[in-house]
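Visitor: So you can see what is in the structure, the chains are spelled out below.
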Amino acid sequence: MDVKYAAPFLAAFQNVLPQIGFQIINQGEVIIKGKNLRTDGILIIVGLVGDLKGNVVYSMSMDDAKKIASKMMMGMPVDEFGEMAQSALSELANMLTANASTEFSKENVSMSISTPTLMYGKDITTKLSTENILCAEVGLDDGISVEINISIE
Amino acid sequence: MDKKRVVIVDDSDFSVLIIKDILEKNGFEVVGRAGTLDEVISVVSETKPDLVTMDITLPGTDGFECTKEIHKIDKGIKVIAVSSMLDDEMLQKAKNFNISGYVQKPIDEEEFILAVKRVLDDEELFKHFQSLYLPIFKEAFSDALNRMTKTIATYKGERLSNETIQSKGIAVVVGIIGKYSGRMILDMSVESATALTDRMLKKESSKQTEIIAAIGEFANIVSGNACSMLNRENKVFGLRVSPPSVFYGKSLNISSAKIKTYSVTIDTEFGEMILNIGFSRGDFEWM
Chain A
1 MDVKYAAPFL AAFQNVLPQI GFQIINQGEV IIKGKNLRTD GILIIVGLVG DLKGNVVYSM
61 SMDDAKKIAS KMMMGMPVDE FGEMAQSALS ELANMLTANA STEFSKENVS MSISTPTLMY
121 GKDITTKLST ENILCAEVGL DDGISVEINI SIE
Chain B
1 MDKKRVVIVD DSDFSVLIIK DILEKNGFEV VGRAGTLDEV ISVVSETKPD LVTMDITLPG
61 TDGFECTKEI HKIDKGIKVI AVSSMLDDEM LQKAKNFNIS GYVQKPIDEE EFILAVKRVL
121 DDEELFKHFQ SLYLPIFKEA FSDALNRMTK TIATYKGERL SNETIQSKGI AVVVGIIGKY
181 SGRMILDMSV ESATALTDRM LKKESSKQTE IIAAIGEFAN IVSGNACSML NRENKVFGLR
241 VSPPSVFYGK SLNISSAKIK TYSVTIDTEF GEMILNIGFS RGDFEWM
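Here the protein sequences come in this chain order: A and B.
For reference, each letter of the first sequence is one residue, going 1 to 153 in this note's numbering.
For reference, each letter of the second sequence is one residue, going 1 to 287 in this note's numbering.
Please note that the accuracy of each hint is not assured.
As the list claims (entries may be wrong) - The calculated lysine-lysine pairs, modelled on DSS-like cross-linking and capped at a C-alpha distance of 25 Å, are:
1. B/235 - B/250
2. A/122 - B/168
3. B/207 - A/33
4. B/68 - B/260
5. A/106 - B/93
6. A/35 - B/250
7. A/122 - B/117
8. B/138 - B/117
9. A/106 - B/95
10. B/3 - B/207
11. A/122 - B/250
12. A/35 - B/117
13. B/25 - B/72
14. A/33 - B/250
15. B/168 - B/127
16. A/53 - B/235
Just so you know, these hints were derived from the structure itself, not from any lab.
For clarity, every value in this text was computed on a predicted model and none was experimentally measured.
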C-alpha cells in the first residue's frame with residue numbers, strides 16, 4: 001500500500017481537531033504494519049468506497065477516549081464511557097474521515113464514507129482486508145494519543 | 001395521504017403571498033409564517049411542520065441561523081432555502097446547515113414544487129427503505145448459508161435499538177455506502193465461526209487465519225448480495241460495500257450510539273449468530 005495514502009488522513013487531524021479545542025497535534029511517523037492490530041480500549045471503524053476502497057480504524061485507550069469526549073462536550077466530565085461519549089467519538093471519526101475524503105478529492109480521488117462503528121473492550125484483535133496497514137500515531141493535548149490505521153485495497 | 005404542512009419564513013408580505021398561493025394550489029397546507037428569529041422559533045415549535053421555506057436575508061438574523069434553531073426543535077423538519085441570492089458559497093453554506101434544497105427568487109412554480117416534492121419524497125423514500133432492508137438482509141443471509149453449507153437459518157427475534165451489543169467472540173463489520181450510509185455486523189462465537197468454516201471448507205479444525213478469512217468472506221457475500229437486491233428494488237439506493245474487517249477478543253462491545261440498528265438473532269446449525277444492520281440518512285442529494 002502506498003504510504004502517500006496516509007497524508008489526507010493526517011491532514012484531517014490538523015483541520016478538524018483545532019475546531020474542537022485541541023492545540024497540540026503532533027503526528028508521528030507513518031509505519032507499515034503487517035500483523036494484526038491489537039487494541040485495549042476503543043476502536044472506531046469507517047468504511048471507504050469510491051476510487052479507492054478500504055477501511056480506516058481509529059484507536060485509543062479508554063482513558064484517552066474519555067478525555068476526548070469530555071473536550072468535545074465542552075469540558076463536561078466524562079467518568080463513564082456512556083452513550084453520549086460513544087456518540088461524540090463516533091462523530092469525531094465521522095468528521096475526520098469526511099475531512100480526509102475532502103482532502104483526497106483535492107487529488108481528484110473521489111470517495112464516500114460509511115457510518116462509523118464503535119467498539120470497545122480489552123485485548124481486541126483486528127484483521128483488516130489488506131495484508132499491510134498504514135499506521136500513524138497522533139499525539140494531542142494532555143498526553144492523549146490516537147492511533148490511525150489505514151487499509152486501502 | 002395527509003396534506004403536508006408548511007411554514008413560510010420570509011419578511012416580505014409579497015413573497016409570502018406568492019409562496020402560499022403556489023403551495024396551496026399544489027395541495028400543501030400552509031400552517032404558519034414567520035419573519036424574525038423569535039417568530040420562527042415560536043411558529044415552528046407550535047406547528048411542527050413537515051417543511052419550512054426559508055428566505056436567507058432576514059432582519060436581525062439570516063436563514064442559516066433560523067435553520068439551526070429549527071433543527072434544534074426537530075431535526076426531522078426539512079428546510080428549503082428560497083432566496084434571490086444564489087452562488088457556490090451560499091450553496092455550500094446551505095449544505096453545511098442541513099438545508100435540503102435551494103430555489104432562487106423569482107420563484108418558478110414548477111421548479112419550486114419539484115424541489116419541495118423531492119425533499120418530502122426523500123423522507124418517504126427513506127421510510128420505504130427502512131421497511132425494505134431488513135427482510136432483504138435476512139434473505140441474503142439464508143441464501144448464502146444455504147448455498148455455502150446446505151443448512152437452514154431460523155430467525156428468532158429482531159429488535160430496533162441503540163443498545164450496546166456484547167460480542168459473542170468474533171464480529172465482522174462491513175461498511176455500506178450509497179444513497180444512505182450504514183453498516184452490517186455479523187457476530188458469532190469462536191466455536192460457531194470454527195464450525196461454519198469447517199463446513200464451508202469441508203474439513204476439520206480449520207486454522208485461525210482460515211476462520212477469519214472465511215467468515216469475513218461470508219459476511220462480504222451476505223452484505224454484497226443484500227445490497228444488490230436493494231439496488232434492484234430502486235437504483236437510486238446505489239449501495240456499495242467496503243471490505244469486511246474482522247474483530248475478535250474476549251470482551252468486545254459494539255456501540256450503536258449514533259444510529260438505531262436492527263439486531264436479528266439467528267439460529268443456525270453452527271450456533272446462534274447475530275446480524276446487526278443500521279443506516280443513517282447521510283448526505284442529502286442535491287439538485
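Visitor: What hint numbers does the structure not satisfy?
Guide: Those not satisfied are hints 1, 7, 8, 10, 12, 13, 15.
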